[in-house]
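2 protein chains.
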Amino acid sequence: MIGGWFTTPAGVGPTGGDVAPGSTGAPIEVIVGVFVLLMAAKIGEEVFRRLRQPAVVGELVGGFVVGPSALGLVVPGEAILVFAEIGVVILLFQVGLEVRLDDLLRVGRVAVVTALAAMFLPIVTGVAVGLAMGEEVGAAAFIGLALAATSIGITSRVLAEAGVLDRRFARIVLAAAVVDDILALVAIGVVSAFATGTEIDRAVVLGISAVGIVLLGLAAARRARGLKREVFTWPLFADTPLVPSFLLMLGLALVSAVVGLAALIGAFIAGLIVAETEASDELEHEIRPLGLIFTPFFFALTGTALDLGALVEPSVLVLAVALIVLGVATKALGGYLGARSTGHWAGIAVGAGMVPRGEVGIVVANLGLAAGLLSTEVFGAVLLAVVATTMAAPYLLAWAVPRAVAEEAAARSG
Amino acid sequence: MIGGWFTTPAGVGPTGGDVAPGSTGAPIEVIVGVFVLLMAAKIGEEVFRRLRQPAVVGELVGGFVVGPSALGLVVPGEAILVFAEIGVVILLFQVGLEVRLDDLLRVGRVAVVTALAAMFLPIVTGVAVGLAMGEEVGAAAFIGLALAATSIGITSRVLAEAGVLDRRFARIVLAAAVVDDILALVAIGVVSAFATGTEIDRAVVLGISAVGIVLLGLAAARRARGLKREVFTWPLFADTPLVPSFLLMLGLALVSAVVGLAALIGAFIAGLIVAETEASDELEHEIRPLGLIFTPFFFALTGTALDLGALVEPSVLVLAVALIVLGVATKALGGYLGARSTGHWAGIAVGAGMVPRGEVGIVVANLGLAAGLLSTEVFGAVLLAVVATTMAAPYLLAWAVPRAVAEEAAARSG
Numbered sequence: 001m002i003g004g005w006f007t008t009p010a011g012v013g014p015t016g017g018d019v020a021p022g023s024t025g026a027p028i029e030v031i032v033g034v035f036v037l038l039m040a041a042k043i044g045e046e047v048f049r050r051l052r053q054p055a056v057v058g059e060l061v062g063g064f065v066v067g068p069s070a071l072g073l074v075v076p077g078e079a080i081l082v083f084a085e086i087g088v089v090i091l092l093f094q095v096g097l098e099v100r101l102d103d104l105l106r107v108g109r110v111a112v113v114t115a116l117a118a119m120f121l122p123i124v125t126g127v128a129v130g131l132a133m134g135e136e137v138g139a140a141a142f143i144g145l146a147l148a149a150t151s152i153g154i155t156s157r158v159l160a161e162a163g164v165l166d167r168r169f170a171r172i173v174l175a176a177a178v179v180d181d182i183l184a185l186v187a188i189g190v191v192s193a194f195a196t197g198t199e200i201d202r203a204v205v206l207g208i209s210a211v212g213i214v215l216l217g218l219a220a221a222r223r224a225r226g227l228k229r230e231v232f233t234w235p236l237f238a239d240t241p242l243v244p245s246f247l248l249m250l251g252l253a254l255v256s257a258v259v260g261l262a263a264l265i266g267a268f269i270a271g272l273i274v275a276e277t278e279a280s281d282e283l284e285h286e287i288r289p290l291g292l293i294f295t296p297f298f299f300a301l302t303g304t305a306l307d308l309g310a311l312v313e314p315s316v317l318v319l320a321v322a323l324i325v326l327g328v329a330t331k332a333l334g335g336y337l338g339a340r341s342t343g344h345w346a347g348i349a350v351g352a353g354m355v356p357r358g359e360v361g362i363v364v365a366n367l368g369l370a371a372g373l374l375s376t377e378v379f380g381a382v383l384l385a386v387v388a389t390t391m392a393a394p395y396l397l398a399w400a401v402p403r404a405v406a407e408e409a410a411a412r413s414g
Numbered sequence: 001m002i003g004g005w006f007t008t009p010a011g012v013g014p015t016g017g018d019v020a021p022g023s024t025g026a027p028i029e030v031i032v033g034v035f036v037l038l039m040a041a042k043i044g045e046e047v048f049r050r051l052r053q054p055a056v057v058g059e060l061v062g063g064f065v066v067g068p069s070a071l072g073l074v075v076p077g078e079a080i081l082v083f084a085e086i087g088v089v090i091l092l093f094q095v096g097l098e099v100r101l102d103d104l105l106r107v108g109r110v111a112v113v114t115a116l117a118a119m120f121l122p123i124v125t126g127v128a129v130g131l132a133m134g135e136e137v138g139a140a141a142f143i144g145l146a147l148a149a150t151s152i153g154i155t156s157r158v159l160a161e162a163g164v165l166d167r168r169f170a171r172i173v174l175a176a177a178v179v180d181d182i183l184a185l186v187a188i189g190v191v192s193a194f195a196t197g198t199e200i201d202r203a204v205v206l207g208i209s210a211v212g213i214v215l216l217g218l219a220a221a222r223r224a225r226g227l228k229r230e231v232f233t234w235p236l237f238a239d240t241p242l243v244p245s246f247l248l249m250l251g252l253a254l255v256s257a258v259v260g261l262a263a264l265i266g267a268f269i270a271g272l273i274v275a276e277t278e279a280s281d282e283l284e285h286e287i288r289p290l291g292l293i294f295t296p297f298f299f300a301l302t303g304t305a306l307d308l309g310a311l312v313e314p315s316v317l318v319l320a321v322a323l324i325v326l327g328v329a330t331k332a333l334g335g336y337l338g339a340r341s342t343g344h345w346a347g348i349a350v351g352a353g354m355v356p357r358g359e360v361g362i363v364v365a366n367l368g369l370a371a372g373l374l375s376t377e378v379f380g381a382v383l384l385a386v387v388a389t390t391m392a393a394p395y396l397l398a399w400a401v402p403r404a405v406a407e408e409a410a411a412r413s414g
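Line by line, the protein sequences are chains A and B.
Those letters in the first sequence? Residues 1 to 414, per our numbering, in order.
Those letters in the second sequence? Residues 1 to 414, per our numbering, in order.
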């Protein structure tokens, strides 16, 4: 930045710092960070594709390489966090666009059973391990919860890239993820109230709001069936459905976040709603460039969180390995048990799809830390487990999905 | 945000603060700000369109209404600044995509004369006013410079919306803006060196680098003529030209910013380069949704900077009015004198197109403030003048452009 020439003590724009003349006042280093992270994600993807490895793992590795614990070229700040969040919101909106509401409701019962099983097993296991390690009940509950949360982002991407979102097992994963997120919300509320001694009725209120929001969204999707394109294009600013739909997506994502659900649940529901209207195809086309630019930030950001240096600490290493192994095993088994009525390989694919630990795991660990129940090692271990399970999912899915597809085809023709 | 439940002392993500569970750690208020600002821009646009007023002024007003000096719903932070900067970068990239290099070079000489005239007049006037006000030469020079910088963002948008980017006067404005930015860079360097007593040779080096970068870019555009689509789509991650082109755009914008030019100059050149390739049409289509989402942030952000409250201070009011009147008059006259060889109304349209003061004006004012040469009133007045001239431009253009178009049509048929 031109040798500090334009570094003015008064600063330009709310953030101060170096700015280019003629710019909006955005610190130039931040835009460099945005550029480097996107570039790293795409180079990582390219290398992984050429090695016939999952593209999305390449984005994660690209993020790791330029991130704080490796080269240190990019230190994610507010702008990159927002890009990543909007990226995963757009991803789930796109997934919602490809799913028909009726297909989703048809797997509703299996999805609820799957979510319950895939939540119950990790919690019980986590609590048991915690108690066996001599922890108190509260701490053990946090360990269980950290194991229980599912993040659907990477699975959505892998299923979408494989072109199997219309399969029954894919719909089960999606529906179960919604149910899972509601359950996690309530569970976090209960455990948190228990741990900190605050009112438990808040957890109940939040749980009810969350269920209410989701049901309202699904009802809206049903009402949206066959709506004309003009519903989106009546404003003079909207030549096409893009901007109104984008606002709907972001708005529902925020409502979802405010009641305590993941923002991506709201975005998924927004996608379901728009999918039922006549604007669906046009919008699928229009949202694609936005997804191509924003979504890599989500995966690259996850990569930047990976801190291999923490592994030199034996206690963190042991805990991380335990979290990863137990997390993968219990979630996969829970998913399998819940969904195997659909088929053996379908059950395995569902289990594999639910393996990625969410950022919810990090939030839970943070809560436990704040309540003085968990050690700082646990936080480091949870971070490692989140990234590791996210990286494992594409490989597990690459193994299970083709078999599940074949099984479903055989069942149809048989 | 759920009553502080998820507010953990440890914080989640680099920025800490409130985060939604299952989020990337982006503070939820920031995403609310992004949502509110985009919504406000679009509502402002809608109202203005229905009143048959320029859409882009509606976006500015929308930003003003929710900004810190009115409702205070949005306080622009890093994320919004980055959205705005990328927004104007995409806008100029789109403009570059619509312009042919040869057409631009054909108006080269007129553009240089125009840029010189449109820079010389405001500087001389500003210096004269400053000296008449009893200021020292250094301070007077800063006032002149603050009057001299042109921001091409809003003019580009108005010309693009009017569908006249292929007209001769439009190309003169674009080419003159590039020359203008180089001249401003050198002038700021010289005045800054003069004011702070640092080495003047840096200004020369920067000026040469800037010219070099622009010439290199134009040479690259010439070499890019007729390049196959595969130049962009050979990476496995690129099914379409979008992502590689986006990286090229952002990369050149950053190079441009690093040598001290406005980032949008680099983006414009990137657009010129891609425009010459066979990927041009496809890319124009793909970049559109990104422009629709990002670009409103640039104009809405400018609106948030408008502080009508500052006008109660009589000295700021007088200075702002003086800056606005002199800024509009001298720039329009300079543009007219430079371009009138093309036609009477074409000259007026060029003059009108060069009226918006840039954020460069703010940077100059900041430098003067830091050097102890200018008062805080000047800073407030410059901010007002930047927004006011930006708001005036669409009206001036709405008056001049149709007449210039008619004049050009008459000249052709005559």
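FYI, nobody ran anything at the bench for these hints, they're computed from the structure.
Just to be clear, a hint being listed does not mean it is correct.
[To be verified] Computed spacing ranges between beta-carbons, pair by pair:
id: 1; chain 1: B; residue 1: Glu29; chain 2: A; residue 2: Arg229; range: 29 to 39 Å
id: 2; chain 1: B; residue 1: Arg49; chain 2: A; residue 2: Arg49; range: 41 to 51 Å
id: 3; chain 1: A; residue 1: Gly226; chain 2: B; residue 2: Val47; range: 27 to 37 Å
id: 4; chain 1: B; residue 1: Val321; chain 2: A; residue 2: Thr376; range: 51 to 61 Å
id: 5; chain 1: A; residue 1: Leu311; chain 2: B; residue 2: Glu29; range: 29 to 39 Å
id: 6; chain 1: B; residue 1: Arg49; chain 2: A; residue 2: Val211; range: 19 to 29 Å
id: 7; chain 1: B; residue 1: Arg223; chain 2: A; residue 2: Glu230; range: 22 to 32 Å
id: 8; chain 1: B; residue 1: Val318; chain 2: A; residue 2: Ala219; range: 54 to 64 Å
id: 9; chain 1: A; residue 1: Ala411; chain 2: B; residue 2: Glu161; range: 33 to 43 Å
id: 10; chain 1: B; residue 1: Gly309; chain 2: A; residue 2: Asp103; range: 47 to 57 Å
id: 11; chain 1: A; residue 1: Val211; chain 2: B; residue 2: Leu317; range: 51 to 61 Å
id: 12; chain 1: B; residue 1: Asp281; chain 2: A; residue 2: Gly226; range: 26 to 36 Å
id: 13; chain 1: B; residue 1: Arg49; chain 2: A; residue 2: Val124; range: 56 to 66 Å
id: 14; chain 1: A; residue 1: Leu308; chain 2: B; residue 2: Ser315; range: 57 to 67 Å
Using N, Cα and C, we set each Cβ at its ideal position, and we do this for glycine too.
### Task
Starting from the range 33 to 43 Å, see whether the pair Ala411/A and Glu161/B falls in it by beta-carbon distance.
Roughly 55 Å apart at Cβ, these two residues miss the hinted range, so it is violated.
#### Entry: Val211/A versus Leu317/B beta-carbon gap, inside 51 to 61 Å or not
holds, 56 Å
### Message
Verify the CB-CB distance for Arg49/B and Val124/A against the hinted window 56 to 66 Å.
### Response
About 59 Å separates the Cβ atoms of Arg49/B and Val124/A, which means 56 to 66 Å holds.
### Message
Against the range 19 to 29 Å, how does the distance between the Cβ atoms of Arg49/B and Val211/A compare: consistent or not?
### Response
violated, 40 Å
### Message
Taking 47 to 57 Å as the stated bounds, is the beta-carbon spacing between Gly309/B and Asp103/A within them?
### Response
Between Gly309/B and Asp103/A, where Cβ atoms are some 55 Å apart, the hint holds.
### Message
A range of 41 to 51 Å was offered for this pair. Does it hold for the Cβ distance of Arg49/B and Arg49/A?
### Response
Check passed, 45 Å falls within 41 to 51 Å.
### Task
Hint says 26 to 36 Å; check whether the CB-CB distance for Asp281/B and Gly226/A agrees.
Between Asp281/B and Gly226/A, where Cβ atoms are some 33 Å apart, the hint holds.
### Satisfaction of the hinted span 54 to 64 Å by the C-beta atoms belonging to Val318/B and Ala219/A
holds, 59 Å
### Query
Using the C-beta atoms of Gly226/A and Val47/B, is the stated range 27 to 37 Å upheld?
Check passed, 30 Å falls within 27 to 37 Å.
### Query
Is it true that the C-beta distance of Arg223/B to Glu230/A lies inside 22 to 32 Å, as the hint says?
violated, 46 Å
### Task
Go ahead and decide if the range 29 to 39 Å is satisfied by the Cβ distance of Leu311/A to Glu29/B.
Given a distance of about 35 Å, which is inside 29 to 39 Å, the answer is holds.
### Query
Would you say the C-beta atoms of Glu29/B and Arg229/A sit inside 29 to 39 Å of each other?
Distance hint for Glu29/B, Arg229/A holds at roughly 34 Å.
Of the numbered hints given earlier, the model fails hints 6, 7, 9; all others are met.
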